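First to last, the sequence lines map onto chains A and B. Positions 1 to 443 (our numbering) are the ones given, in order, by the first sequence. Positions 1 to 183 (our numbering) are the ones given, in order, by the second sequence.
A few of these clues could be false.
[As the list claims (entries may be wrong)] The calculated lysine-lysine pairs, modelled on DSBU-like cross-linking and capped at a C-alpha distance of 30 Å, are:
no.	chain 1	residue 1	chain 2	residue 2
1	A	K26	B	K132
2	A	K13	B	K175
3	B	K25	B	K4
4	B	K129	A	K260
5	A	K13	B	K17
6	A	K13	B	K133
7	B	K132	A	K13
8	A	K26	B	K25
9	B	K32	A	K13
10	A	K13	B	K58
11	A	K26	B	K129
Simulated from the structure, these hints should not be mistaken for laboratory data. Just so you know, these numbers come straight off a predicted model, no measurement behind them.
Here is what each chain is made of, one letter per residue.
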Amino acid sequence: MSHGIIRQLNSLKSGEINPRADWVSKNRGILLSQIRNTVDPAVERKQPSRNVWDTMSIIFSPRLVNHALRPMVILLIVSLVGTSGWIATVDAAYEALPGDMLYTAKRAVEKTQVAVVKVIGDQKTETKLHSEFANRRAKEVKRIVVGTDPKKTAMVTDTLNDLKKELKSVDTKLDTNVSADVVNDVRQNAEEIKVTLKEVKDNLLVEHGNNNLTQEVADAKEAVKKTEIKAVETMVEKHLNGDTSMTKEEVKEVINSTIKNVAVEAVENKQNAADAKKVVEAVKTEVRDLAKDPIISGEMASGTKALNDKMTVMAAEAKDASAKTDVIAKEVDKTVVEANALLSSGDLTQAVSKMKEASANTTKAEAITDKTISNMQNVLPVMGVVVKSGVIVSAVATSTNNLVIVVSTTPALNIGIVSTTPAVPSALAPSAAIIVSSTVIKK
Amino acid sequence: MSGKLNEKILLYRVQAKRDPEAYAKLYDAYVKRIYRFVYFKVSNHEEAEDITSEVFLKAWDYLKDEKEIKSFGGLLYRIARNLIVDLYRARSARPEMIQVTSEEKIEIGDRGEWTEKLQIQIETREIVKALKKLKQEYQEVITLRYIDELKVDEIAEIMGKGKIAVRVTLHRALKKLEQIVRQ
Numbered sequence: 001m002s003h004g005i006i007r008q009l010n011s012l013k014s015g016e017i018n019p020r021a022d023w024v025s026k027n028r029g030i031l032l033s034q035i036r037n038t039v040d041p042a043v044e045r046k047q048p049s050r051n052v053w054d055t056m057s058i059i060f061s062p063r064l065v066n067h068a069l070r071p072m073v074i075l076l077i078v079s080l081v082g083t084s085g086w087i088a089t090v091d092a093a094y095e096a097l098p099g100d101m102l103y104t105a106k107r108a109v110e111k112t113q114v115a116v117v118k119v120i121g122d123q124k125t126e127t128k129l130h131s132e133f134a135n136r137r138a139k140e141v142k143r144i145v146v147g148t149d150p151k152k153t154a155m156v157t158d159t160l161n162d163l164k165k166e167l168k169s170v171d172t173k174l175d176t177n178v179s180a181d182v183v184n185d186v187r188q189n190a191e192e193i194k195v196t197l198k199e200v201k202d203n204l205l206v207e208h209g210n211n212n213l214t215q216e217v218a219d220a221k222e223a224v225k226k227t228e229i230k231a232v233e234t235m236v237e238k239h240l241n242g243d244t245s246m247t248k249e250e251v252k253e254v255i256n257s258t259i260k261n262v263a264v265e266a267v268e269n270k271q272n273a274a275d276a277k278k279v280v281e282a283v284k285t286e287v288r289d290l291a292k293d294p295i296i297s298g299e300m301a302s303g304t305k306a307l308n309d310k311m312t313v314m315a316a317e318a319k320d321a322s323a324k325t326d327v328i329a330k331e332v333d334k335t336v337v338e339a340n341a342l343l344s345s346g347d348l349t350q351a352v353s354k355m356k357e358a359s360a361n362t363t364k365a366e367a368i369t370d371k372t373i374s375n376m377q378n379v380l381p382v383m384g385v386v387v388k389s390g391v392i393v394s395a396v397a398t399s400t401n402n403l404v405i406v407v408s409t410t411p412a413l414n415i416g417i418v419s420t421t422p423a424v425p426s427a428l429a430p431s432a433a434i435i436v437s438s439t440v441i442k443k
Numbered sequence: 001m002s003g004k005l006n007e008k009i010l011l012y013r014v015q016a017k018r019d020p021e022a023y024a025k026l027y028d029a030y031v032k033r034i035y036r037f038v039y040f041k042v043s044n045h046e047e048a049e050d051i052t053s054e055v056f057l058k059a060w061d062y063l064k065d066e067k068e069i070k071s072f073g074g075l076l077y078r079i080a081r082n083l084i085v086d087l088y089r090a091r092s093a094r095p096e097m098i099q100v101t102s103e104e105k106i107e108i109g110d111r112g113e114w115t116e117k118l119q120i121q122i123e124t125r126e127i128v129k130a131l132k133k134l135k136q137e138y139q140e141v142i143t144l145r146y147i148d149e150l151k152v153d154e155i156a157e158i159m160g161k162g163k164i165a166v167r168v169t170l171h172r173a174l175k176k177l178e179q180i181v182r183q
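Full structure from sequences and hints, please.
What follows is the structure in structure tokens.
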């Protein structure tokens, strides 16, 4: 029965209880004209000042807007900016260097990113972020060093400090329960940073008077190396403790490539020290010959003689350094062979420990080479030493004597370099009547 | 859902921009429902027409004040109910105006539009008669549910009641209606 009633009720809809169609349209017209009269143009103009949330409250329910939509939109904006970087600002800021207006924005975004992942508790992403930011800092240092900003020394120092801070954060994160593949990402980044910092160091060596900076870069490089080695260690540890994010083969490959890198570094250091020795010896020979030369007289003769004495000391030091690095390189070689043997026998822990040993030795050798080159620069007031792929070009100018000596370890880079090398600006002035000599050292 | 959203957009245009055209569209969407709602409570079509047009005018004024609107339909029904209460009050002041039954008879009988389906016509007439005999709350809930075909939560919003209360009222109203029809 009730179904019958419901059907009847439904049928009422189309029936007599409805308004007359002509009344509906007539009333519509009347209503429209009535309400049009009430529209006040002033009110209409006032409207655009509505707050965006009020406007949304009309479309959605006010409760939804205030309690859900509004926080959600804000969170979305924060996470957008935080995780992907927001369009133009961040694109531009990404390239910013310290001192630029947008650099602050760049760092703010980075901080937001870290804050967001910290809130979420995402260890993996946080680790990756710190490691990525460290990489960015290294690239910034590289760009600052080649730039011409008068405050660049301070900027490099600051950025290097930030880099070290990021590395510290990475180091602490490595102790948490992030998986082996994340640790491997950290290692890859560290390797990249190491390469970048090496370039930075080379660039600094070209210019004189950067001894302090060179030392700072060397410190940062050492920190990166530590992070890299720690990452490899942690990765192996995690792998052995049952982490399956990386296969045994992959882990082995990582250790293998790290060992290879250490070996290459050792050889490079040895080569650099040897080249430095050659350069110093060549300069020493030149200076000695000059000191004997009868056209050099008076003040110039005494200056040349002083230089000659200094060069003798320097040559001894370079020889010593070369010998030391040679010994270290041999040791590293041995350790690397052992590490490889352990690796192929599957003893990952021991292989890593050997790798660590080799790496520590390489760091020692690098410090020796760096010190020698830095001392060379001290002895000769103006001196640029470029170390690139095993070739050392050295331009020496003593400002007191207007003496320019150019030495190259390759025949191709001969005397022509004298006029182009940036290390000898004043030495080529017309008053520089004195000998410009060049020596080609046969390798 | 799209109808609901469309309504929200129209409402926004009315509130933020005072757009009469948008309001006209809202009128088109609601006029029949409001009219029917009113018609069951008043005695004749003329009164229903008057009240309905007043409902829409009042709603426009209400929207002018930028008040928060949960549901435009709910607002219209609320205004309509208040106007009807006002009408009853006015009537009680002038008792001679209460001639519901006689007018109703003339009304239905005079329409004369139903030349076919006589059976349905009679049934419908009976149902309307029975509906008018129901108490106001039952009348409302049945009109909204079975004639306007609103959902229970919409009715709850309009009547200012909980959903369960609406369901219970609806059930009782339908039972009562059945009783009246059977008599």
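Hints versus structure:
| no. | hint | verdict |
| --- | --- | --- |
| 1 | A/K26 / B/K132 | holds (28 Å) |
| 2 | A/K13 / B/K175 | holds (21 Å) |
| 3 | B/K25 / B/K4 | holds (13 Å) |
| 4 | B/K129 / A/K260 | violated (99 Å) |
| 5 | A/K13 / B/K17 | violated (34 Å) |
| 6 | A/K13 / B/K133 | holds (19 Å) |
| 7 | B/K132 / A/K13 | holds (16 Å) |
| 8 | A/K26 / B/K25 | holds (14 Å) |
| 9 | B/K32 / A/K13 | holds (9 Å) |
| 10 | A/K13 / B/K58 | holds (25 Å) |
| 11 | A/K26 / B/K129 | holds (29 Å) |
When the structure is compared with the earlier hints, violations turn up for hints 4 and 5 and for no others.
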